[in-house]
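Q: Sequence:
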Amino acid sequence: MLGHARRPDWLKMSPLDPVILNKMRRLMQDLKLHTVCESARCPNRTECFHQATATFMILGDICTRNCTFCAVKCGQPQTPDPQEPEHIVTAVDKLGLRYVVITSVTRDDLPDSGASQFAQTIKAIHKYDPNIMVEVLIPDFRGSLSAVQTVIDTYPTVLNHNIETVPRLYPEVRPKADYRRSIEILKQSKLLNNRILTKSGFMLGLGEIRQEVI
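So for the sequence shown, full-length UniProt numbering puts the first residue at 1; every next one is plus one.
What the hints contain is simulated information worked out from the structure, not anything from laboratory work.
What you are looking at is a predicted structure, and each value in this text was computed from that prediction instead of being measured.
Wrong hints could be hidden among the right ones.
Using 16 Å as the maximum straight-line C-alpha spacing, the simulated EDC-like pairs for lysine to aspartate or glutamate come out as follows [to be verified]:
no., residue 1, residue 2
1, Lys123, Asp178
2, Lys199, Asp108
3, Lys199, Glu172
4, Lys123, Glu164
5, Lys73, Glu86
6, Lys199, Glu184
What follows is a set of in silico ranges between Cβ atoms, one per label pair, in the way DEER data are often shown [claimed, not checked]:
no., residue 1, residue 2, range
7, Lys127, Asn66, 33 to 41 Å
8, Leu21, Leu191, 38 to 46 Å
9, Thr157, Pro111, 20 to 28 Å
10, Gly75, Tyr99, 27 to 35 Å
11, Asp108, Leu191, 43 to 51 Å
Where a beta carbon is used, it is the ideal one built from N, C-alpha and C, also for glycine.
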């Protein structure tokens with residue numbers, strides 16, 4: 001019988017440190033904030049929390065979509081908290097962050113899909129310290145370019161929108177999303193302001209084949 005190959009050091013993950021986890025959880029609970037790290041049950045969250053970094057998830061912790069790869073809860077979301085941007089600024093201050101990542105649940109129930117909450121959060125951070133870099137990971141805003149413009153007008157350092165997977169797998173993996181719509185969001189974001197860095201993310205291992213990826 002062949003033995004298991006040893007994993008390289010960079011692939012090994014430390015056990016979840018309860019002290020670090022509880023400290024970050026208390027801060028988020030005190031400020032009524034959410035992180036995608038916790039909500040999506042990211043296995044790397046201890047490493048990030050140990051470095052006092054986290055991806056803040058605005059607009060609550062309940063999503064209006066139910067992507068099959070995601071552990072975030074789906075259902076009827078809460079009313080957006082108008083104090084949320086200021087609470088994030090408080091967390092940024094307490095954690096001493098110089099690079100802040102903001103994402104959200106998808107809010108198909110809101111007229112602007114939550115774009116204004118992104119904008120208010122970016123403005124609040126820049127008011128606190130204009131030198132802090134802000135990366136936003138946005139949903140597709142149901143394809144609304146005016147919603148994208150609302151976010152871009154507040155000058156995030158990086159605008160990220162994840163493609164996630166190949167077109168063939170969208171009906172199974174992202175049943176309420178559309179591949180072409182996501183591509184268009186990225187394209188139009190760059191056209192609206194080519195000085196803002198754009199990026200995307202892609203998962204492997206969902207059933208795609210090499211030719212579909214390349």
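Q: If a hint holds in the structure, say so; if it does not, say that too.
A: Verification of the hints:
| no. | hint | in the structure |
| --- | --- | --- |
| 1 | Lys123 x Asp178 | violated, 30 Å |
| 2 | Lys199 x Asp108 | violated, 23 Å |
| 3 | Lys199 x Glu172 | violated, 24 Å |
| 4 | Lys123 x Glu164 | violated, 28 Å |
| 5 | Lys73 x Glu86 | violated, 24 Å |
| 6 | Lys199 x Glu184 | holds, 13 Å |
| 7 | Lys127 x Asn66: 33 to 41 Å | holds, 36 Å |
| 8 | Leu21 x Leu191: 38 to 46 Å | holds, 42 Å |
| 9 | Thr157 x Pro111: 20 to 28 Å | holds, 27 Å |
| 10 | Gly75 x Tyr99: 27 to 35 Å | holds, 32 Å |
| 11 | Asp108 x Leu191: 43 to 51 Å | violated, 24 Å |
Comparing the model with each earlier hint shows violations of hints 1, 2, 3, 4, 5, 11; every other hint is respected.
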